[in-house]
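Going down the list, the protein sequences come from chains A and B.
Each residue of the first sequence is one higher than the last, beginning at 1 in my numbering.
Each residue of the second sequence is one higher than the last, beginning at 1 in my numbering.
No lab work stands behind these hints, which were simulated from the structure alone.
We put the beta carbon where it would ideally sit given N, CA and C, even for glycine.
Don't take every hint at face value.
As the list claims (entries may be wrong) - Think about it this way: if two alpha-carbon atoms lie no more than 30 Å apart in a straight line, the pair counts; the simulated DSSO-like pairs of lysine-lysine are:
no.	chain 1	residue 1	chain 2	residue 2
1	B	K293	B	K334
2	B	K217	A	K9
3	B	K112	A	K223
4	B	K112	A	K9
5	B	K293	B	K633
6	B	K260	B	K217
7	A	K165	A	K212
8	A	K212	B	K369
9	B	K217	B	K334
10	B	K156	A	K144
11	B	K295	B	K638
12	B	K638	B	K334
13	B	K156	B	K112
14	B	K638	B	K616
15	B	K217	B	K522
16	A	K165	B	K157
17	B	K281	B	K295
18	B	K633	B	K295
19	B	K260	B	K334
20	A	K9	B	K369
21	A	K144	B	K334
22	A	K223	B	K369
23	A	K144	B	K369
24	A	K212	A	K223
25	B	K281	B	K156
26	B	K293	B	K281
27	A	K144	A	K223
28	B	K260	B	K616
29	B	K112	A	K144
30	A	K165	B	K156
31	B	K112	B	K295
Claimed, not checked - If you want the footprint, here are the derived chain A segments under chain B, 3+ residues with CB under 8 Å:
no.	region
32	48-57
33	116-129
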Amino acid sequence: MSSYEARFKVWRGDVQGGGLEDFEVEVNDGEVVLDIIHRLQATQAPDLAVRWNCKAGKCGSCSAEINGRPRLMCMTRMSVFTREETITVTPLRAFPVVRDLVTDVNFNYTKAREVPSFVPPEGVGPGEYRMMQEDVDRSQEFRKCIECFLCQDTCHVVRDHEENKPAFAGPRFLMRVAELDMHPLDAAAETGLDRKATAQDEHGLGYCNITKCCTEVCPEGIKITDNALIPLKERAVDRKYDPLVWLGNKIMRRTSSG
Amino acid sequence: MSVVERQEWDVVVVGAGGAGLRAAIEARERGARTAVICKSLFGKAHTVMAEGGIAAAMANANEHDNWQVHFRDTMRGGKFLNQWRMAELHAREAPDRVWELETWGALFDRTKDGRISQRNFGGHEYPRLAHVGDRTGLELIRTLQQKIVSLQQEDKKETGDYESRLKIYQECTVTRILKDGSRVSGVFAYERETGRFFVLEAPAVVIATGGIGKSFKVTSNSWEYTGDGHALALLAGAPLLNMEFVQFHPTGMVWPPSVKGILVTESVRGDGGVLRNSEGKRFMFDYIPDVFKEKYAQSEEEGDRWYEDPDNNRRPPELLPRDEVARAINAEVKAGRGSPHGGVFLDVSTRMPAEVIRRRLPSMYHQFKELADVDITAEAMEVGPTCHYVMGGIAVESDTAAARGVPGLYAAGEVAGGMHGSNRLGGNSLSDLLVFGRRAGWHAAEYAAARAFERPEVSDMQVDTAAAEALRPFSAEGPGGGEDDGRPPENPYTLHQELQQAMNDLVGIIRREAEMEQALEKLADLRVRARRAGVEGHRQFNPGWHLALDLRNMLLVSECVARAALERTESRGGHTREDHPTMDRTWRNINLLCQLADPTGGLAAMDPERGQITLKRETTDPVRQDLLALFDKEELVKYLAEEELYQ
Numbered sequence: 001m002s003s004y005e006a007r008f009k010v011w012r013g014d015v016q017g018g019g020l021e022d023f024e025v026e027v028n029d030g031e032v033v034l035d036i037i038h039r040l041q042a043t044q045a046p047d048l049a050v051r052w053n054c055k056a057g058k059c060g061s062c063s064a065e066i067n068g069r070p071r072l073m074c075m076t077r078m079s080v081f082t083r084e085e086t087i088t089v090t091p092l093r094a095f096p097v098v099r100d101l102v103t104d105v106n107f108n109y110t111k112a113r114e115v116p117s118f119v120p121p122e123g124v125g126p127g128e129y130r131m132m133q134e135d136v137d138r139s140q141e142f143r144k145c146i147e148c149f150l151c152q153d154t155c156h157v158v159r160d161h162e163e164n165k166p167a168f169a170g171p172r173f174l175m176r177v178a179e180l181d182m183h184p185l186d187a188a189a190e191t192g193l194d195r196k197a198t199a200q201d202e203h204g205l206g207y208c209n210i211t212k213c214c215t216e217v218c219p220e221g222i223k224i225t226d227n228a229l230i231p232l233k234e235r236a237v238d239r240k241y242d243p244l245v246w247l248g249n250k251i252m253r254r255t256s257s258g
Numbered sequence: 001m002s003v004v005e006r007q008e009w010d011v012v013v014v015g016a017g018g019a020g021l022r023a024a025i026e027a028r029e030r031g032a033r034t035a036v037i038c039k040s041l042f043g044k045a046h047t048v049m050a051e052g053g054i055a056a057a058m059a060n061a062n063e064h065d066n067w068q069v070h071f072r073d074t075m076r077g078g079k080f081l082n083q084w085r086m087a088e089l090h091a092r093e094a095p096d097r098v099w100e101l102e103t104w105g106a107l108f109d110r111t112k113d114g115r116i117s118q119r120n121f122g123g124h125e126y127p128r129l130a131h132v133g134d135r136t137g138l139e140l141i142r143t144l145q146q147k148i149v150s151l152q153q154e155d156k157k158e159t160g161d162y163e164s165r166l167k168i169y170q171e172c173t174v175t176r177i178l179k180d181g182s183r184v185s186g187v188f189a190y191e192r193e194t195g196r197f198f199v200l201e202a203p204a205v206v207i208a209t210g211g212i213g214k215s216f217k218v219t220s221n222s223w224e225y226t227g228d229g230h231a232l233a234l235l236a237g238a239p240l241l242n243m244e245f246v247q248f249h250p251t252g253m254v255w256p257p258s259v260k261g262i263l264v265t266e267s268v269r270g271d272g273g274v275l276r277n278s279e280g281k282r283f284m285f286d287y288i289p290d291v292f293k294e295k296y297a298q299s300e301e302e303g304d305r306w307y308e309d310p311d312n313n314r315r316p317p318e319l320l321p322r323d324e325v326a327r328a329i330n331a332e333v334k335a336g337r338g339s340p341h342g343g344v345f346l347d348v349s350t351r352m353p354a355e356v357i358r359r360r361l362p363s364m365y366h367q368f369k370e371l372a373d374v375d376i377t378a379e380a381m382e383v384g385p386t387c388h389y390v391m392g393g394i395a396v397e398s399d400t401a402a403a404r405g406v407p408g409l410y411a412a413g414e415v416a417g418g419m420h421g422s423n424r425l426g427g428n429s430l431s432d433l434l435v436f437g438r439r440a441g442w443h444a445a446e447y448a449a450a451r452a453f454e455r456p457e458v459s460d461m462q463v464d465t466a467a468a469e470a471l472r473p474f475s476a477e478g479p480g481g482g483e484d485d486g487r488p489p490e491n492p493y494t495l496h497q498e499l500q501q502a503m504n505d506l507v508g509i510i511r512r513e514a515e516m517e518q519a520l521e522k523l524a525d526l527r528v529r530a531r532r533a534g535v536e537g538h539r540q541f542n543p544g545w546h547l548a549l550d551l552r553n554m555l556l557v558s559e560c561v562a563r564a565a566l567e568r569t570e571s572r573g574g575h576t577r578e579d580h581p582t583m584d585r586t587w588r589n590i591n592l593l594c595q596l597a598d599p600t601g602g603l604a605a606m607d608p609e610r611g612q613i614t615l616k617r618e619t620t621d622p623v624r625q626d627l628l629a630l631f632d633k634e635e636l637v638k639y640l641a642e643e644e645l646y647q
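Let the sequences and hints guide you as you build the complete structure.
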């Protein structure tokens, strides 16, 4: 293996507008897309704006769309593309652009605040928490989330529908509701808070029609739809008839039998 | 020029990793209106990368564990250079800090009886690390983040505003601590998104900015680790302590080149992974130093038995403290017994079934699969040392986390010095963040409350000076200050790469006098050139500009490391001198303090050829008798000077 020159198109611009800019740039063995963006910064475009931190798929900062697919730039190896391919890097489409590859992700922080926090159980002091591994497994899966917001970006409920944003928390924060709902010691119910009900009534669970796009882009491999959203819907069904649950069950049954 | 927006807070916390967030929670809960200011998005701090766990003597996995044993391990790991009172507070309070996280919603892995599971780690006598697979740092940061959100929700209920008492200024960078006379009066910062300047006025400032790894080429640290807090404190007149001690984690990835340095968690060894050289030999048995001879297995068989029966066998030497393992790997590679890409082999594939590896080390499995095409359940990893952590840092009072010499300034976490002595044990970082983050927030809040009616003032002049300093990279080209005439501006990325290469080659894991002198010359050269670091474009989210500003901090901190390393003529923990290869007991109670050569803090006015740092030696307080009594006399003889022993 040796180095070669790759063709890149990188979106540059800001809230006023912008467009794809062409670059030819060196690529070496084993590199990822973020390495190439950094090389562009160091050699051709010092003010190219990009977010990144850990460069190891742990912090979820360097989210972008690569050839139209939401991905982490640090976990996308150049070897998945052919040398002839032109690689297009654009900012996350569901959020307003700040500059170049950096978007305004405040939507997510706003939604995070709208989910009521963990309620510690009455009368159980620090050090007295007892939980079985099999009971924490489910919530632990959701706590693997690195908040890259790729699921929020890809979800078609908000991707091209700005008008749905106020009413819809998005897969990441519906999953947060599920996580708390499945937490073995969360005492929300004792305070009169029905988390399942809030998912439906306050966080827009009904908008989700379980197309599983969120699961597909999750870099942590969390089964957002199957393990978080569908169970929430099934619990909500006690209270409300939801035709999508019925449909979801049909689809699930078909895939598992097929 | 003073049109810079100002806001008033009681406590300002710089940094939103584990220490910063824990400090902010404490300050807010004690009634202080608290602002947190961080370079990245909220929840992305470097703490997320911590993998192994949080060390705390909860005795869930081994009933013999207690704070005294933890204290002992910590002092041994730090080769007795630790600020012993910090090590004591840390060992005593860590369990409460972990249990508290559960009440905020954290979900640790469990023991069979439903308590928090604890795993083995290098240098810890008993399984002590509370963990969540190998993503413990993420759990910690998320739990603290969610606790902050829950406090904001309470405030919203009461005041109608989420941010009335606790606000996060994300993607903002502090470039100066502001002072009123000798005391802290606030911070000067810019917003990365817009480039807009602003001032947060506050009587108390907590620095919690983490480490300095981005001054080295091969590092496990992210871009944020540019030594900002270390430099801010220095510039504000506070001394840094023992900056020569830099931890090179023994196991970073070595291939492919683009991921060189990324961390491979110590849990791999804690859970049974072994190190082998190119001849297939478990070489660590050849590298057990005298001070640890009685504590480690002498044969592979004994080491292997220890995982199942720790009471009757000694631990394998793969679990020696990190400095020992890093040096051993370095020596094997140098002796020509390295792996194809210049590391050694770390193998779990022959030690555990594939499904156990995937369950216990999911991130490692994922990381190697995705980034190196290596399936760690089937083949060995290639690993080598990577710059990971700085033990040195802001000199603080042990109980209050107050920075010495600057009233109103506090420091916690990696940026604070002393706690870990010359070498940090794995797992002691996350617990350090919690224990001293809380203490910093607590004392900063108390300090601020006592000054509620005599708040320090921020002078316009200081704000103007800070603004001019921050704008300097935009005027680097053209006829700026006389000496720059006619020369093109320097590329900040090039300067950064040269700095990283110099520190890596000349002040790295093994140090020599002549090389460190060479490093100081190179730093002087870079300092001159960095004054002309120029940027293109405008102030809106401009990474070139941000880097040009961060260079000041990296250069200052690098000089501290190089000067202190040159001064300390012994090898101890994270400081290894080829020309002084042994530990010297007479250095045991010597601290090296770095201070700004020009105490007015005016960098620009200085002669660029001269250094910016002066060193001062200081003798440390003797270790308290009841703490010394926790060790056998025979062991103490190896560390303490004669006169210390007979006091």
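Hints, one by one, checked against the model:
1. B:K293 - B:K334: holds, 24 Å
2. B:K217 - A:K9: holds, 29 Å
3. B:K112 - A:K223: holds, 26 Å
4. B:K112 - A:K9: violated, 53 Å
5. B:K293 - B:K633: holds, 16 Å
6. B:K260 - B:K217: Since the Cα atoms of K260 of chain B and K217 of chain B sit roughly 9 Å apart, the hinted pair holds (cutoff 30 Å).
7. A:K165 - A:K212: holds, 19 Å
8. A:K212 - B:K369: Satisfied, since the Cα-Cα distance of roughly 24 Å is no more than 30 Å.
9. B:K217 - B:K334: Holds, at about 19 Å.
10. B:K156 - A:K144: Roughly 28 Å separates the two Cα atoms, so the pair holds.
11. B:K295 - B:K638: Holds, at roughly 14 Å.
12. B:K638 - B:K334: Holds - the C-alpha atoms of K334 of chain B and K638 of chain B are around 29 Å apart, at most 30 Å.
13. B:K156 - B:K112: violated, 40 Å
14. B:K638 - B:K616: holds, 26 Å
15. B:K217 - B:K522: With a Cα-Cα distance of about 15 Å, the restraint between K217 of chain B and K522 of chain B holds, given a limit of 30 Å.
16. A:K165 - B:K157: holds, 23 Å
17. B:K281 - B:K295: holds, 21 Å
18. B:K633 - B:K295: The given pair, whose Cα atoms are some 16 Å apart, holds under the 30 Å limit.
19. B:K260 - B:K334: holds, 18 Å
20. A:K9 - B:K369: Satisfied, since the Cα-Cα distance of roughly 28 Å is no more than 30 Å.
21. A:K144 - B:K334: Measuring from Cα to Cα gives roughly 39 Å; hence the hint is violated.
22. A:K223 - B:K369: OK: K223 of chain A and K369 of chain B at ~20 Å, within 30 Å.
23. A:K144 - B:K369: Within the cut-off at roughly 18 Å; holds.
24. A:K212 - A:K223: holds, 9 Å
25. B:K281 - B:K156: Between K281 of chain B and K156 of chain B the Cα gap is close to 61 Å, so the pair fails against 30 Å, i.e. violated.
26. B:K293 - B:K281: OK: K293 of chain B and K281 of chain B at ~20 Å, within 30 Å.
27. A:K144 - A:K223: Distance ~11 Å between K144 of chain A and K223 of chain A Cα, so the pair holds.
28. B:K260 - B:K616: violated, 36 Å
29. B:K112 - A:K144: Holds - the C-alpha atoms of K144 of chain A and K112 of chain B are around 22 Å apart, at most 30 Å.
30. A:K165 - B:K156: holds, 21 Å
31. B:K112 - B:K295: holds, 28 Å
32. 48-57: Held - the region 48-57 of chain A has 10 residues with a Cβ nearer than 8 Å to chain B, which meets the minimum of three.
33. 116-129: Our answer is that it holds, as 7 residues pass the Cβ test (under 8 Å) against chain B, meeting three.
When the structure is compared with the earlier hints, violations turn up for hints 4, 13, 21, 25 and 28 and for no others.
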